[in-house]
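Student: Given next are the chains, with one letter for each unit.
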Amino acid sequence: MNIAVCVKQVIDTEAEKKLDPSSWRLDRNVNCILNPYDEYAVEEALRIKEAHGGQVVAVCMGPEKATDAVRKALAMGADTGVLVSDEALAGSDAQGTAYVLAEALKGLEWDLILFGVRSTDGETGCVPAAVAERLGIPLLSTLAKVEVEGSTLKVHRETEQGYVAYECPTPAVLSVIKGINEPRYPSMMGIMGAKKKPLEVKDAGALSLDKSRIGLDGAKTRVLSARIPEPRKAGVKVEDDGSGAQKIAEFLASEKLV
Amino acid sequence: MTESRDVMEVDVLYVGGGIASLSSALHLTNLIKAHDEKAGDKKIGELVIVVLEKGFAPGAHGISGAVMDPAPLKELVPDFVGKGAPLEGEVKKESVYLLTKSGKIKSPITPPPLNNHGNYVVSMSKLNQWMAELAEANGVNLFPEFAGVEVLYDDNKVIGVRAGDKGVDADGNKKSNYEPGADLHARVTVFGEGSRGNLTKDLIEHFKLDEGRNPVAFEVGVKEVWELPEQRLQPGEVIHSMGYPLKSDTFGGGFIYGMKDKMVSIGQMTSLDYSDPCLDPHREFQKFKLHPMVSELLKGGKLIQYGAKTAPVGGYFSIPKLSFPGGMIIGDGANLFNSQKIKGIDLAIRSGMLAAQTIFEGLLEDDLSDVKLAGYAKAMSRSKEMKSLYKVRNFHQAMTRGLYPGLLTAVGQYLLGGRVLSNRLSSKPDHEHMETLVERYGTSTPSADDVGDIKFDKQLTFDKETDVYYSGATHEEAQPSHLKILNLDICYGECAEKYGNPCVRFCPASVYEMTVDEATGKKTLKVNFSNCVHCKTCDVKDPFENIQWVPPEGGGGPKYTMM
Chain A
-11 MNIAVCVKQV
-1 IDTEAEKKLD
9 PSSWRLDRNV
19 NCILNPYDEY
29 AVEEALRIKE
39 AHGGQVVAVC
49 MGPEKATDAV
59 RKALAMGADT
69 GVLVSDEALA
79 GSDAQGTAYV
89 LAEALKGLEW
99 DLILFGVRST
109 DGETGCVPAA
119 VAERLGIPLL
129 STLAKVEVEG
139 STLKVHRETE
149 QGYVAYECPT
159 PAVLSVIKGI
169 NEPRYPSMMG
179 IMGAKKKPLE
189 VKDAGALSLD
199 KSRIGLDGAK
209 TRVLSARIPE
219 PRKAGVKVED
229 DGSGAQKIAE
239 FLASEKLV
Chain B
1404 MTESRDVMEV
1414 DVLYVGGGIA
1424 SLSSALHLTN
1434 LIKAHDEKAG
1444 DKKIGELVIV
1454 VLEKGFAPGA
1464 HGISGAVMDP
1474 APLKELVPDF
1484 VGKGAPLEGE
1494 VKKESVYLLT
1504 KSGKIKSPIT
1514 PPPLNNHGNY
1524 VVSMSKLNQW
1534 MAELAEANGV
1544 NLFPEFAGVE
1554 VLYDDNKVIG
1564 VRAGDKGVDA
1574 DGNKKSNYEP
1584 GADLHARVTV
1594 FGEGSRGNLT
1604 KDLIEHFKLD
1614 EGRNPVAFEV
1624 GVKEVWELPE
1634 QRLQPGEVIH
1644 SMGYPLKSDT
1654 FGGGFIYGMK
1664 DKMVSIGQMT
1674 SLDYSDPCLD
1684 PHREFQKFKL
1694 HPMVSELLKG
1704 GKLIQYGAKT
1714 APVGGYFSIP
1724 KLSFPGGMII
1734 GDGANLFNSQ
1744 KIKGIDLAIR
1754 SGMLAAQTIF
1764 EGLLEDDLSD
1774 VKLAGYAKAM
1784 SRSKEMKSLY
1794 KVRNFHQAMT
1804 RGLYPGLLTA
1814 VGQYLLGGRV
1824 LSNRLSSKPD
1834 HEHMETLVER
1844 YGTSTPSADD
1854 VGDIKFDKQL
1864 TFDKETDVYY
1874 SGATHEEAQP
1884 SHLKILNLDI
1894 CYGECAEKYG
1904 NPCVRFCPAS
1914 VYEMTVDEAT
1924 GKKTLKVNFS
1934 NCVHCKTCDV
1944 KDPFENIQWV
1954 PPEGGGGPKY
1964 TMM
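If you read the sequences in order, they're chains A and B. Position one of the first sequence corresponds to residue -11 (our numbering), numbered consecutively onward. Position one of the second sequence corresponds to residue 1404 (our numbering), numbered consecutively onward.
There could be a bad hint or two in this list.
[What the hints assert, rightly or not] With a straight-line Cα cutoff of 30 Å, these simulated DSSO-like cross-link-like pairs (lysine-lysine) come out:
hint, chain 1, residue 1, chain 2, residue 2
1, A, Lys142, A, Lys166
2, B, Lys1858, A, Lys221
3, A, Lys184, B, Lys1436
4, A, Lys6, B, Lys1702
5, B, Lys1560, B, Lys1781
6, B, Lys1578, B, Lys1560
7, B, Lys1861, B, Lys1929
8, B, Lys1486, A, Lys184
9, B, Lys1441, A, Lys183
10, B, Lys1604, B, Lys1901
11, B, Lys1650, B, Lys1611
12, A, Lys225, B, Lys1861
13, A, Lys221, B, Lys1705
14, B, Lys1446, B, Lys1929
15, A, Lys6, B, Lys1663
16, B, Lys1509, B, Lys1577
17, A, Lys183, B, Lys1790
It is worth saying that the hints were derived from the structure and are not from the lab. Owing to the predicted nature of the structure, the values given are computational and were not obtained by experimental measurement.
Modelling step: build the complete structure from the supplied sequences, incorporating the hints.
Tutor: Have a look at this one:
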């Protein structure tokens, strides 16, 4: 079973997040990492490959330095990588990104497309659905378990109450959540090997992308304003001298919560 | 999920990806390239050169003041300005102050050892990053997130190191993603681990490299980078201070360096041979910012990054033997640091270059024997940087005798080129200097005022937890603590009684926390290892040598970008 796993480079959790006030674009000139949720997707793809054979290709859209994120997927064990990188893509929204990824995927061989549940920067979580829609194949999102039986996928989709079990034929798009597995660490041998694995960088021209659908101008989302959330204020500390329960009840009542 | 341990054969292995190792790897590849271009059929050919770095990325653990003497860098990268070296500014203006609590006395001249004309203010993290790019472009294999955890010996010769395992939980059990660290076997292993290197300690003991030397000595530097509302200090402007807030029996000093983009680097060094069990280097640095000279400068600014690191200040007589069968030690790890000039970058680069030169010659002659490697120490002793270190050979040991007598000795030493104390001053290791609470305060329960505690206002002064947040320090939580307490009974017994658990104070990252159960009064030492900024103060200063620092899972620690 051939698998395409879509990955994104995001700014590191500890890095200072800054928005450019003219475009509301995120300043990516800080430490960047492979989106942590995507590590679960890469791991899941590798486990399926190890059990059922096939090839894993990591597909990414991002600036040139996003090759590092693709290399990490290769170091973990993916076979090949594709990075779509073009200045014209900067500022694309989730819809634009899905359009680009779908176009890139059309030129690749896969039976299954895996995503992390969302990115830690944009946090929209809708790219997997939009890609599935564009490719005209089913989507199963927020999965905590994936099993492959022949050309049938048996998955558990996490809900607030528990999970729902689904079956679905391939090809399909799946997004997986944190905890579905423990992503492997790239070994030194893996990192050395990744330097020699094929990583193709494609620009907008190579994919014949429609310029009106990409970049900031092609975005259907408009950011009107943004602000840094105010720091959380300190809570009220209740010392329990026997009247603790009473005080908590009074507090909840005063907030009209009970 | 490999079950067996990989063995990787490499030619030259660097342990620690700081400026010493990166300069060395760059120099070695330059030498080989230049040689091979005109060597005909006597080419050395492509070598596998590997640099291990425990941090998240090159530069993530790089921290210094920093003022750099560019002489060795000029030789390594002659066009370093054109090649985009991240220089904050050339030093054109500098001053030295003696501070009292609210006043300051400006030194009419800058004492010659602190004269920085022609030097540059730099950020160590940025310089490391830049140097890593140059080395990688030359074919050097850089492995961030991999720590060397064990020296591999064969028949009394170093044959490489073992990289740390990954995917081990807090109880030491292997997780499903357990990845055993590879054994790296190298023809030469170069240790550039920085101040108080973990494996370097092992090597020194194994080969008795410190025989006949002075004990090592350290200062801890606590530093913040601030962004100011306007460019109040010219990039490259340098201010040094002595005196307040440190008491006169504690050596150290403050520094303020102007950086680009309205940034300023501000910090304080505290000598770890201090005797006050309640001294807290982080707190003293916060007090430094309260001095009007500093608080005026920082007004309206904001904290950007925080960090701390020890610097090896033992000087010339504390430098261990620099080579041994199979390898060498370079940079801060070999105590190659000039404490009077407060500089080590030039020595680190020089030692890296000379180690590379020695390896290069060894490769040409196909001789990497210990006799050949010993050529590195000889070359070092002929270098300008080492000669200048020899001249100030007793500076730190004189300073431990108190600020004023120390200054007098230092002046004499300067004037006479070190001859005022031509013999070695004795010294004892830092951890033996601590007085008990009763000796220091006459009571085992000194008040917060006696001790000199302050309240942090979170505008100008910050508690350790806040500062640690700004260091970016994180560690995988599901792993064994990398700070090994050898005997907890000492913590709850003798150490608590005599010294009041000074680890809680000397750690600038709030790693050690003593919690008391209100009901039973039972004390528990909590080790918040995830806060650790890898400064190594605990490994140096614990009065019972009861704390051992070992590398955590690769990638953990601070994430400096401009320190």
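Student: It remains to establish, for every hint, whether it holds in the given structure.
Tutor: Here is what the structure says about each hint:
no., hint, in the structure
1, A:Lys142 to A:Lys166, "holds (18 Å)"
2, B:Lys1858 to A:Lys221, "holds (19 Å)"
3, A:Lys184 to B:Lys1436, "holds (22 Å)"
4, A:Lys6 to B:Lys1702, "holds (22 Å)"
5, B:Lys1560 to B:Lys1781, "holds (21 Å)"
6, B:Lys1578 to B:Lys1560, "violated (34 Å)"
7, B:Lys1861 to B:Lys1929, "holds (25 Å)"
8, B:Lys1486 to A:Lys184, "holds (28 Å)"
9, B:Lys1441 to A:Lys183, "holds (29 Å)"
10, B:Lys1604 to B:Lys1901, "holds (28 Å)"
11, B:Lys1650 to B:Lys1611, "violated (36 Å)"
12, A:Lys225 to B:Lys1861, "holds (21 Å)"
13, A:Lys221 to B:Lys1705, "holds (20 Å)"
14, B:Lys1446 to B:Lys1929, "violated (57 Å)"
15, A:Lys6 to B:Lys1663, "holds (19 Å)"
16, B:Lys1509 to B:Lys1577, "violated (59 Å)"
17, A:Lys183 to B:Lys1790, "violated (43 Å)"
In terms of the numbered hints stated before, the structure departs from hints 6, 11, 14, 16 and 17, listed from lowest to highest.
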